[in-house]
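Peer 1: Here is what each chain is made of, one letter per residue.
2 protein chains.
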Amino acid sequence: MSIQTPYLLFLGDAPDALAAKVAQGIRDWRPEFAVGQFRLEGCRADMGLPDMTLAEAKEAGVKTLVIGVANRGGMISQAWKKVLVQALEEGFDLASGLHNLLRDEEDLAAVARATGRTLHDVRVPSVKYPIADGVKRTGKRMLAVGTDCSVGKMYTAIAMERVMRERGMKASFRATGQTGILITGDGVPLDAVIADFMAGSIEWLTPDNEPDHWDLIEGQGSLFHVSYSGVTLALIHGGQPDALVLCHEPTRTHMRGLPGYSLPSLEDLRDTALAMARVANPACVVVGVSVNTHAMTPADADAYCAEVEARLGLPTVDPVRHGPARLVDALAAV
Amino acid sequence: MSIQTPYLLFLGDAPDALAAKVAQGIRDWRPEFAVGQFRLEGCRADMGLPDMTLAEAKEAGVKTLVIGVANRGGMISQAWKKVLVQALEEGFDLASGLHNLLRDEEDLAAVARATGRTLHDVRVPSVKYPIADGVKRTGKRMLAVGTDCSVGKMYTAIAMERVMRERGMKASFRATGQTGILITGDGVPLDAVIADFMAGSIEWLTPDNEPDHWDLIEGQGSLFHVSYSGVTLALIHGGQPDALVLCHEPTRTHMRGLPGYSLPSLEDLRDTALAMARVANPACVVVGVSVNTHAMTPADADAYCAEVEARLGLPTVDPVRHGPARLVDALAAV
Numbered sequence: 209m210s211i212q213t214p215y216l217l218f219l220g221d222a223p224d225a226l227a228a229k230v231a232q233g234i235r236d237w238r239p240e241f242a243v244g245q246f247r248l249e250g251c252r253a254d255m256g257l258p259d260m261t262l263a264e265a266k267e268a269g270v271k272t273l274v275i276g277v278a279n280r281g282g283m284i285s286q287a288w289k290k291v292l293v294q295a296l297e298e299g300f301d302l303a304s305g306l307h308n309l310l311r312d313e314e315d316l317a318a319v320a321r322a323t324g325r326t327l328h329d330v331r332v333p334s335v336k337y338p339i340a341d342g343v344k345r346t347g348k349r350m351l352a353v354g355t356d357c358s359v360g361k362m363y364t365a366i367a368m369e370r371v372m373r374e375r376g377m378k379a380s381f382r383a384t385g386q387t388g389i390l391i392t393g394d395g396v397p398l399d400a401v402i403a404d405f406m407a408g409s410i411e412w413l414t415p416d417n418e419p420d421h422w423d424l425i426e427g428q429g430s431l432f433h434v435s436y437s438g439v440t441l442a443l444i445h446g447g448q449p450d451a452l453v454l455c456h457e458p459t460r461t462h463m464r465g466l467p468g469y470s471l472p473s474l475e476d477l478r479d480t481a482l483a484m485a486r487v488a489n490p491a492c493v494v495v496g497v498s499v500n501t502h503a504m505t506p507a508d509a510d511a512y513c514a515e516v517e518a519r520l521g522l523p524t525v526d527p528v529r530h531g532p533a534r535l536v537d538a539l540a541a542v
Numbered sequence: 209m210s211i212q213t214p215y216l217l218f219l220g221d222a223p224d225a226l227a228a229k230v231a232q233g234i235r236d237w238r239p240e241f242a243v244g245q246f247r248l249e250g251c252r253a254d255m256g257l258p259d260m261t262l263a264e265a266k267e268a269g270v271k272t273l274v275i276g277v278a279n280r281g282g283m284i285s286q287a288w289k290k291v292l293v294q295a296l297e298e299g300f301d302l303a304s305g306l307h308n309l310l311r312d313e314e315d316l317a318a319v320a321r322a323t324g325r326t327l328h329d330v331r332v333p334s335v336k337y338p339i340a341d342g343v344k345r346t347g348k349r350m351l352a353v354g355t356d357c358s359v360g361k362m363y364t365a366i367a368m369e370r371v372m373r374e375r376g377m378k379a380s381f382r383a384t385g386q387t388g389i390l391i392t393g394d395g396v397p398l399d400a401v402i403a404d405f406m407a408g409s410i411e412w413l414t415p416d417n418e419p420d421h422w423d424l425i426e427g428q429g430s431l432f433h434v435s436y437s438g439v440t441l442a443l444i445h446g447g448q449p450d451a452l453v454l455c456h457e458p459t460r461t462h463m464r465g466l467p468g469y470s471l472p473s474l475e476d477l478r479d480t481a482l483a484m485a486r487v488a489n490p491a492c493v494v495v496g497v498s499v500n501t502h503a504m505t506p507a508d509a510d511a512y513c514a515e516v517e518a519r520l521g522l523p524t525v526d527p528v529r530h531g532p533a534r535l536v537d538a539l540a541a542v
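Sequence lines, in order, name chains A and B. Okay, so the first sequence: first residue is 209 according to the working numbering, each after it adds one. Okay, so the second sequence: first residue is 209 according to the working numbering, each after it adds one.
Chain A on its own, in the form it takes in the complex (with noise of 0.2 Å):
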């Protein structure tokens, strides 16, 4: 089920650094996965690793091709192509997150079935999961909900992971998207699971683990989201979360994709999420808030934190410029 590791990160003709986001996030939070890079004549992506050919990295160990980056037109390429046949026959799984699926194309998959390799899609399940249950699991979780999509909620909850790990806590960042599960190898592509199983496979990624270990559970669209709050309530009722961080972008002026939705605000997500997560886990609380500053300038940014931190009575930073530490030290006090 899960992805082999460590990683080649395949780079492709990357034209620029954000095409390769997945490799990056590999790169940033699994560095002992990333044993390498492979790029194509044009790349102009650089993750500051060794270029490797296919038999360097087959030397060092890879186990898996990892396509990190976005392909253009929703196309595999002949230049690609011949790469990941390659890899194939050189004894390396692939691993993708694109939305043209690599077992979709004929040669791939013929080529697979050949070697005995797997392809890994992980934007569509590979396990049949169950509907959930309700029962209550051991170990504890924190939850990311947001006020909206893309709001910085993978990365505060890998970031906290990052943190409570140095601090020698016992956690676990359980990915729910296509870019977490590359990261970390394995996880669960819920927006793509059926309806009725959405819960029950959030309940089969956080199973009963021991008293002090925390999941940090990667959260998925918002409760006020209309395209996709069904999957995020799916998420609180399937996690059991106890506890919960509050994500926001302040600069945002609708929902993402939603020209005449409004944001809610941090009181009313508080509210909506913290109501919701009880009906699973009455002992739920809110420990912070996480805001996204990207978008302003470092006094704005504090200025900001410091004023929801006031209102709202909960340590609030912004993990990218203020580090996640104040969170993790609130999920420490629960």
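Bear in mind the hints are in silico, worked out from the structure with no lab data behind them. From a predicted model like this one, the values you see are computed outputs, not experimental measurements. A couple of the hints might just be wrong.
Identical chains blur together in the list; that is why a pair holds if it fits in one copy or across any two.
Below are the SDA-like pairs computed for lysine to any residue, each with C-alpha atoms no more than 25 Å apart in a straight line [to be verified]:
1. Lys336 <-> Ala491
2. Lys344 <-> Gly468
3. Lys229 <-> Gly531
4. Lys336 <-> Asn279
5. Lys336 <-> Leu309
6. Lys271 <-> Thr461
7. Lys344 <-> Pro467
8. Lys289 <-> Leu482
9. Lys336 <-> Arg311
10. Lys336 <-> Leu310
11. Lys336 <-> Gly305
12. Lys290 <-> Ala491
13. Lys344 <-> Arg464
14. Lys336 <-> Glu313
15. Lys289 <-> Ala225
16. Lys229 <-> Ala491
17. Lys378 <-> Asn279
Given chain A, put chain B in place with the hints provided.
Peer 2: Just chain B, lined up with the frame of chain A:
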């Protein structure tokens, strides 16, 4: 896409009336679709329709043979198969809500291909639904929301449709589960839709309509049922309801299938569902309460409804026992 009507209702070897509840639903709610019934030896269900051979059904203009009975042990028996194959050969389509799909039966699939007939497995979507865009649609929409699963949401909506049509109002029951889809010949099997497309499938199901037209949307699950709450929220946000009817079964001791979970109060349901609905439609109101008093005495049922009505200040009826007229009155006043 839609199932062609009218129907011949296949009752098979139903051991009792309950096993044929899909057929009963069609008979009750779309009698104009139910031309005849087909029973095998030993069948103990009877819809009070003419027993017809396939030839007689053909003569009577039937287009589709609908499997109106649950099968035992999850197998389509040889006794059934013989009839189903013959029906395809005679030019009928087949429609089924069984868990095991018609299309997965090699013989049925092959005969359907050879005869050019359609196998409608209504448990699985046949449409590529869009992602919800949240744009306000014309026409009006009512959604039934429940304190729990299986508390009478489908019955409430379809019973209201009948009364509204009798009054000359424009009303369409919109099915979101397999029984409702077989009854009406169309709908969205929401529990089988991919997470990202749930809300979009409901937008698709309830498109722009005349200003005085009501869609009566079949509810699913409950915001308070941790296994299925995400499906419910997608219905609320995709449906953009103008009106909610609260559905409740007062004798239930815990959430269906979740022994550790008690039911929310009607007040909790009202406040939570309304707040969520107003994200998509700020004008949404709660118009009434539908109580399933099946397990109560007439006196207890009346007393309970009166008590709820006084407490919530909303018309409160059991649509089976009292009829849904007062809920329709409330809807007409919106």
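Peer 1: Could you run down the list of hints and mark each one as holding or not?
Peer 2: Taking the hints in turn, this is what the structure says about them:
For a Cα distance limit of 25 Å, the shortest separation of Lys336 from Ala491 qualifies neither inside one copy, at 30 Å, nor across copies, at 40 Å. Only between protomers do Lys344 and Gly468 lie at most 25 Å apart by alpha-carbon distance; the minimum there is 9 Å, versus 39 Å within a single protomer. Taking the shortest Cα distances, Lys229 and Gly531 sit within 25 Å of each other inside one copy (20 Å), while across copies they are farther apart (59 Å). Taking CA atoms no more than 25 Å apart as the test, Lys336 paired with Asn279 passes between copies only; the shortest distance there is 23 Å, against 29 Å inside one copy.
Taking CA atoms no more than 25 Å apart as the test, Lys336 paired with Leu309 passes in both settings, with 19 Å inside one copy and 17 Å between copies. Proximity of Lys271 to Thr461 under the C-alpha cut-off of 25 Å is found in neither arrangement, the shortest distances being 44 Å within a copy and 53 Å between copies. Proximity of Lys344 to Pro467 under the C-alpha cut-off of 25 Å is restricted to the inter-copy arrangement: shortest distance 12 Å between copies versus 39 Å within a copy. When the C-alpha separation of Lys289 and Leu482 is checked against a cutoff of 25 Å, the pair qualifies neither within a copy, at 47 Å, nor between copies, at 52 Å.
Taking the closest pair of Cα atoms, Lys336 and Arg311 come within 25 Å of each other both inside a single copy (18 Å) and across two copies (20 Å). Proximity of Lys336 and Leu310 under a CA criterion of 25 Å is satisfied in both settings, with 20 Å inside one chain copy and 21 Å between copies. Proximity of Lys336 to Gly305 under the C-alpha cut-off of 25 Å is found in both arrangements, the shortest distances being 19 Å within a copy and 21 Å between copies. Proximity of Lys290 and Ala491 under a CA criterion of 25 Å is satisfied in neither setting, with 54 Å inside one chain copy and 57 Å between copies.
With identical chains, the CA atoms of Lys344 and Arg464 are at most 25 Å apart between copies only, with a shortest distance of 16 Å across copies and 34 Å within one. Both within a single protomer and between protomers do Lys336 and Glu313 lie at most 25 Å apart by alpha-carbon distance, with minima of 23 Å and 21 Å respectively. For a Cα distance limit of 25 Å, the shortest separation of Lys289 from Ala225 inside one copy, 21 Å, qualifies, whereas the shortest one across copies, 59 Å, does not. Taking the shortest alpha-carbon separations for Lys229 and Ala491, neither the intra-copy value of 37 Å nor the inter-copy value of 42 Å comes in at or below 25 Å.
Taking the shortest Cα distances, Lys378 and Asn279 never come within 25 Å of each other, neither inside one copy (36 Å) nor across copies (49 Å).
Comparing the model with each earlier hint shows violations of hints 1, 6, 8, 12, 16, 17; every other hint is respected.
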